[in-house]
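**Student:** Sequence:
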Amino acid sequence: MAPPRDDDLTKDLTIRYNHVWDLYFSEKRFIAFTMVEDLVTEPGLCADHEAGMHQLLACHPFNDDTVMHTQEVVRIDSEIVQQHHDTATMHEQACMQTKLRFAKEHLELILEKKRKFDEDVAMWISMEFVKVDAQDAQLEQAERDEQAERPAGPEHDNHPGDMLPLSSATAADGELLLSSQNTALDTTGCTEESSQDQLQSTARVDAASPKDLHINASDKEQL
Numbered sequence: 001m002a003p004p005r006d007d008d009l010t011k012d013l014t015i016r017y018n019h020v021w022d023l024y025f026s027e028k029r030f031i032a033f034t035m036v037e038d039l040v041t042e043p044g045l046c047a048d049h050e051a052g053m054h055q056l057l058a059c060h061p062f063n064d065d066t067v068m069h070t071q072e073v074v075r076i077d078s079e080i081v082q083q084h085h086d087t088a089t090m091h092e093q094a095c096m097q098t099k100l101r102f103a104k105e106h107l108e109l110i111l112e113k114k115r116k117f118d119e120d121v122a123m124w125i126s127m128e129f130v131k132v133d134a135q136d137a138q139l140e141q142a143e144r145d146e147q148a149e150r151p152a153g154p155e156h157d158n159h160p161g162d163m164l165p166l167s168s169a170t171a172a173d174g175e176l177l178l179s180s181q182n183t184a185l186d187t188t189g190c191t192e193e194s195s196q197d198q199l200q201s202t203a204r205v206d207a208a209s210p211k212d213l214h215i216n217a218s219d220k221e222q223l
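Counting in the working numbering, the final residue of the sequence shown is number 223, and the numbers go up one at a time with none missing.
Think of the hints as simulated: they come from the structure by calculation, not from any bench.
Keep in mind that a hint or two might mislead.
[Unchecked claim] Pair ranges (Cβ atoms, derived): (1) I31 to M90: 37 to 43 angstroms; (2) E37 to D7: 22 to 28 angstroms; (3) D38 to H84: 38 to 44 angstroms; (4) L139 to S26: 40 to 46 angstroms.
Beta carbons: idealized from backbone N, C-alpha and C, even for Gly.
Using the sequences plus the hints, can you model the full thing?
**Tutor:** So this is what it looks like as structure tokens:
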């Protein structure tokens, strides 16, 4: 089978080009968009029809390359004006200039919409960050308020006993220590008594209180 002649190919592409626009204006736009994606890659498509297909793809609502297609229309129409500037009639030049002007206006409109869209997205993102920061600040303030409302704990040295809560045994030990300091006991006696106290059960010590230990003057004399 012989390859199609250039005239036949041009005629076929022109028919397909017009059919795509007919589908677009008859509310069958997604069918038209599908056909355009195939037609715009045809090597025999003339420059004017190629610009028209890019213009149609720029109207696709789910196309991420809208700016690129609009820029292609401006580029191709600019080349057409330059190539046919000396050979085209005044009417043809006016038509080409009109297409180029419309393409540039369309590009400006698309760029303005994209700029506005990017600003809206940036503002939405910043607002979301502000919300997150505000929530974090509220949580931090709540923690600070909770810590401020807590009663201050007693100051004492760091040792394993710090892990236990302050109990009556701790108060009793304090009175015993004060009594030991006020008496004339020797160091050896205090050390032996302290060693014996360490061997006693913690549960028993926790159950004791200053009253149970009967710390008084007579006890001090006995000690």
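**Student:** Of all the hints given earlier, name the ones this structure violates by number, lowest first.
**Tutor:** 3 and 4
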